[in-house]
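> Chain residues, written in single-letter form:
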Amino acid sequence: MNVESIFPKAHIPYGTWGASYFPAWQSSPLAEVNIGQFAGEAMAYIMGKRKVPMNSLDYLVSGSTIPWHWKFWGSPFLASCAGQRVPGYHLEQACATGLKAIFAAAGAVQGGLANVSGVLTFDRTSDSPVGVFPERRSYERTVALSDVWDNFGFDPATGGAMIATAGNAARKHKIDRKEVDELTFLRYKQYFQALDSGFLAKVLVPLEVLNLQGKVMGKIDSDAGVRSISLEALHSQRELDTCVTSGTQTHASDGMATMLVTTKEKARELSSQPDIDIQIIGLVEARALPSLMAEAPAMAVKKLLQQTGLTMNDIAVVKDHNPFAVNDAIFAKELNYDWHNMNKTGCPLVWGHPQGPTLTRLSIEALQETVDLGGGYALVFGCAAGDVGIAGIFKVSEGGKA
Amino acid sequence: MIKSMRQSTLETIGLGSVHSIFSKGKLPVNAAEQVDKVFGPVGNRGSLVISGANGIVGAGKLMQFGSRLKDYNIPIVALDFPGAPDGITPQYKGLASSFGKKNADEIMANVIRLNYDGNNLPSLLKSLNPKFLLEAIPEILNVKKAHFELFRSNFPGIEIRSVTSGFPSKELGVGIYHPAFPHQINKIWEVVENEPSEITKLLWALGMIPMAVSDEWSFVLDVLFCGLMVSALRYNRATNIPFWKIDKYIRKFFGPNPFRAHDVIGAKGANFLTWNCLHDLSTKYGDLFAPTEALVEHKDSGQNWYPLNHLRPMVNTTIDAAGSMQFNIWILGSLFQMTSLMIHEKRSHFSIMNSVGELCAQFRKGTLALMRNMGAEQSKRIVEAYHKLHPEAALNAWHPEALDNLDSNDWKQLYVNAEHDGEVGVITLGREAYNDDVNAELNRAIDWLKAENIHKVILTGDFHLTTQLVGADTNEFFPALDHHNIGYRISYQWSKTARRLYHEFETSVAFINGKRCLGGMLELFQHCHYIVTDDDSDLGAPEVNLPVVPGMEMCHLPFRRTGSDNWAKLIKLLLEGRSVKGKDTVGWLTDYSAQGEAAIKMAWELASKGELAMPKRKIHESSLYIPSFYPTAPTENKNILEARKAIMDTILASCGANYHEALKVQSECSAKFMTSDLCRKGFVGQEAEKTMNV
Ligand SMILES: NC(=O)c1ccc[n+]([C@@H]2O[C@H](COP(=O)([O-])OP(=O)(O)OC[C@H]3O[C@@H](n4cnc5c(N)ncnc54)[C@H](O)[C@@H]3O)[C@@H](O)[C@H]2O)c1
Chain H
1 MNVESIFPKA
11 HIPYGTWGAS
21 YFPAWQSSPL
31 AEVNIGQFAG
41 EAMAYIMGKR
51 KVPMNSLDYL
61 VSGSTIPWHW
71 KFWGSPFLAS
81 CAGQRVPGYH
91 LEQACATGLK
101 AIFAAAGAVQ
111 GGLANVSGVL
121 TFDRTSDSPV
131 GVFPERRSYE
141 RTVALSDVWD
151 NFGFDPATGG
161 AMIATAGNAA
171 RKHKIDRKEV
181 DELTFLRYKQ
191 YFQALDSGFL
201 AKVLVPLEVL
211 NLQGKVMGKI
221 DSDAGVRSIS
231 LEALHSQREL
241 DTCVTSGTQT
251 HASDGMATML
261 VTTKEKAREL
271 SSQPDIDIQI
281 IGLVEARALP
291 SLMAEAPAMA
301 VKKLLQQTGL
311 TMNDIAVVKD
321 HNPFAVNDAI
331 FAKELNYDWH
341 NMNKTGCPLV
351 WGHPQGPTLT
361 RLSIEALQET
371 VDLGGGYALV
381 FGCAAGDVGI
391 AGIFKVSEGG
401 KA
Chain L
403 MIKSMRQSTL
413 ETIGLGSVHS
423 IFSKGKLPVN
433 AAEQVDKVFG
443 PVGNRGSLVI
453 SGANGIVGAG
463 KLMQFGSRLK
473 DYNIPIVALD
483 FPGAPDGITP
493 QYKGLASSFG
503 KKNADEIMAN
513 VIRLNYDGNN
523 LPSLLKSLNP
533 KFLLEAIPEI
543 LNVKKAHFEL
553 FRSNFPGIEI
563 RSVTSGFPSK
573 ELGVGIYHPA
583 FPHQINKIWE
593 VVENEPSEIT
603 KLLWALGMIP
613 MAVSDEWSFV
623 LDVLFCGLMV
633 SALRYNRATN
643 IPFWKIDKYI
653 RKFFGPNPFR
663 AHDVIGAKGA
673 NFLTWNCLHD
683 LSTKYGDLFA
693 PTEALVEHKD
703 SGQNWYPLNH
713 LRPMVNTTID
723 AAGSMQFNIW
733 ILGSLFQMTS
743 LMIHEKRSHF
753 SIMNSVGELC
763 AQFRKGTLAL
773 MRNMGAEQSK
783 RIVEAYHKLH
793 PEAALNAWHP
803 EALDNLDSND
813 WKQLYVNAEH
823 DGEVGVITLG
833 REAYNDDVNA
843 ELNRAIDWLK
853 AENIHKVILT
863 GDFHLTTQLV
873 GADTNEFFPA
883 LDHHNIGYRI
893 SYQWSKTARR
903 LYHEFETSVA
913 FINGKRCLGG
923 MLELFQHCHY
933 IVTDDDSDLG
943 APEVNLPVVP
953 GMEMCHLPFR
963 RTGSDNWAKL
973 IKLLLEGRSV
983 KGKDTVGWLT
993 DYSAQGEAAI
1003 KMAWELASKG
1013 ELAMPKRKIH
1023 ESSLYIPSFY
1033 PTAPTENKNI
1043 LEARKAIMDT
1053 ILASCGANYH
1063 EALKVQSECS
1073 AKFMTSDLCR
1083 KGFVGQEAEK
1093 TMNV
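Chains as they are written, first to last, in my numbering: chain H, 1 to 402; chain L, 403 to 1096.
Rather than coming from a laboratory, the hints here were simulated on the basis of the structure. Wrong hints could be hidden among the right ones.
To be verified - In silico DSSO-like pairs for lysine-lysine, Cα to Cα no more than 27 Å straight-line:
| no. | chain 1 | residue 1 | chain 2 | residue 2 |
| --- | --- | --- | --- | --- |
| 1 | L | Lys439 | L | Lys428 |
| 2 | L | Lys647 | H | Lys215 |
| 3 | L | Lys1092 | H | Lys49 |
Stated by the list, open to error - Per the computed footprint, the stretches of chain H lying under chain L, defined by three or more beta-carbons under 8 Å from a beta-carbon of chain L, are:
| no. | region |
| --- | --- |
| 4 | 77–90 |
| 5 | 202–212 |
| 6 | 286–297 |
Note that the Cβ used here is the ideal one computed from N, Cα and C, for glycine as well.
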């Protein structure tokens, strides 16, 4: 089956990507940095490791969701931090950001806005800012909002908390707690296998963080905070909502991820393996009924398959951004897909949830895994605040084994 | 007939050999006579005009000439546009702190500020009888040429020199004095003239360092300085490693920090000048010099290379072993190619080309020394490896044959030369700090003189590239902080070399002039049969302040050559680290002291007549008993007290041994101290940490 790309001119040069590890909230020096500046500098470093001169970029699409110092300056500032003064723009759509940014860069290349567009996503949940908003009609008159935690706890459109969207969907789809625990247990196993096999080291880049004096303040060289967990432990955890325990939901973390989108010729020039061709096939978004976020990803995938004419049998690698394990279970049930076959190199349920870069890292892992398998379609999808589901498909040329 | 290992650099500015200074008993020229020649005799003195006097170069050079010409009452006209921001007044503070308020006021009293519109010279100028114009206006060819024309038509006989960064003399139609930053204090000028002029000789007589270079687009310094910058920029382009970090690696491996240097000089001006120089060079020599996009961006914007303070770097970049190979190839490959080009074009005396890198561009070792030490084959391989990374550079301006003659003395004696007249030899040191290179070259110079059957020798600075001798190059000690055997080797080998001066010549005379002779250099000189000093030179052993333990036999040799009544002075010198004037050292540290030419004459007399002129102070070879207590200036500083103790222990141990054993004893003490915590906490340790720990 051959499916046309929605951005036929846009290609992803194999290997010109990378992400930081995602240390858990408040567990690393990332808690102490301006994450925008950090992400920009880290991008230059990662591209250097991948032998991509930053001056081959002429555009930068960036994405993050948590306000950071100097966010006003957006992509141009981030590009300066990466040592390359190019224009671009910043986008933000909760956890959809990391995938939307890749497609936005592809759109920029397709539309002729960019020849080589960088994608740079990042977030720091640690020490997240508190915004002070004059709200005359609220009884407090002025509202102080802790960006990460207060937003998780309250969707202004529905009045509900994030966690409720998982519980509601689990009840609607009659998901069994035991299955969710087993699924979670497998996800941890998959992550540690990927770690031990060296797979993660192919896509994640250890970084050293400097203090003001220029001395190394610490290393970001693991998904700090991830610990293996037994099935018994998972079973024994208190249910916070239907099928949601502290073990079966993700945790907040910090990090960044970056990649490139460019033309076919330039992709060949920039990649260490020019024969591997990677294209972007399609992207859809869907929105579930209020407070049913966990079923939105499955809705998006169905719509995308319909649009592209592909079936799950055509897909080589499946990756779900699953802040709740329930998401995977609903997806599997709705698409009649065996959840054992997906998220094979780890997933946000395990390595955490820094929002902006999550789906970028997941996409990078998906592409690397697809290349390792010798090519095929990679499906990357997930949920995002507002009961949104987003799904995208990439195609890696056959035979391009790295 | 004087025979020499290689040409002395002094000859390249028309001042003859160093040997003839001694044989004639006088310096080739003196300042008072040169002032008369350039500005006319007293009563009919003309003036010096510096145009662009409010600029970075103009104001700096105004201060430098002002202070050096003060005693001759030469009016110095500071010429600029009426609206030009005042660059002179801010210099006054530095002048006063260097020379004292009274002198600074007197210097400024000779400065006459005149303004003009650029087209009509101020009528007042005529009455000041301009004799010499030092032009320091912006780097625009036509503007400069029109400026010269204006002066020539008004003052037909005037001598003109341009400070241009890179226009050749043949384009400008005047001679060139290209100065090195920082302009108030840097004494070096690259000089382009058909023949060394009287003004150039005046610069020398005033204690500056004119260096003859050939007439090309951009001179030696800028090829090296801008060349290093563009090499670093290309490395940045290939790796994304940020400028500040590349600076640290360049400093670690080679010495300079090119990006910082641009920011310090003033990024706006420096970026432009570097771009301009590279642009001209690349027009002529191709891609080896082509400015990168980042340089164009920084030229156009004038922005600094280091991040703003609020954007201090966050992500570390380290270069691993493979990476440092790459780094060396990018940087050295390109620098070696540039050097090959300059050698091919005979742009200057080799020692000058090498020293310009060290003295003006902060290279720890000049590029010629680096190439020579690496060997021709390896150097060529580095350039070829660089061409694989940057193939366009290979198309032009690569002259591997420049490396064919590494066995010649031009290459082998970059720092040390020897001359003789068949009877008396002179060994000249052209580097202010002693290092392994100087040590090896000194050995070769001694070998050469012996092979030439010369048994009498004077050891001295080179009267040109060295204006003082500061001691050991502490960079050489960095590895000794961790490795006792390295410290031992340095101390032992350098001392062995020094001993040759005593044992392998019938007569050896150390001649000290210039501002100072300190530390390792003073130790070296102690090994000569006679030590002659200028009255005004400062002699000292500042090791205690670093601290290190003197390792070229200062801790016992002078004790063996003077009576016990003088030991207190030696101990004071070694333990307090304060210098003494040459005139106060006779009998215990030196044999003779006099003013200027009288000292030169005595050095010659001693070298040629030996004991007929003065008995030698013999070395007491068996062990000496030195009392362990001598009064020293009190100090509360624990580190100094501890260092004093280490030096005193070395004195006791090395004097307590016989002269032969003492060599090893003092080497051992010196090496041991180098691995101590105290040394690591001190200057050497801190410099090593700053430089090497990237
Ligand atoms: N900046 C350096 O470190 C450096 C080093 C070596 C050589 N140079 C050379 O020195 C020269 C001056 O450079 P700068 O950095 O000092 O520049 P600058 O801009 O600091 O100073 C130039 C000065 O010249 C004045 N001026 C302009 N036109 C004039 C004219 N027709 N007559 C008299 N004054 C005039 C300006 O008002 C200004 O005060 C250039 O040729 C440059 O290439 C500079």
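> Hint by hint, say whether it matches the structure.
Structure-based check of all given hints:
no.: 1; hint: L:Lys439 - L:Lys428; verdict: holds, 19 Å
no.: 2; hint: L:Lys647 - H:Lys215; verdict: holds, 12 Å
no.: 3; hint: L:Lys1092 - H:Lys49; verdict: holds, 26 Å
no.: 4; hint: 77–90; verdict: holds (count 4)
no.: 5; hint: 202–212; verdict: holds (count 5)
no.: 6; hint: 286–297; verdict: violated (count 0)
Comparing the model with each numbered hint stated earlier shows that hint 6 is the single one that does not hold.
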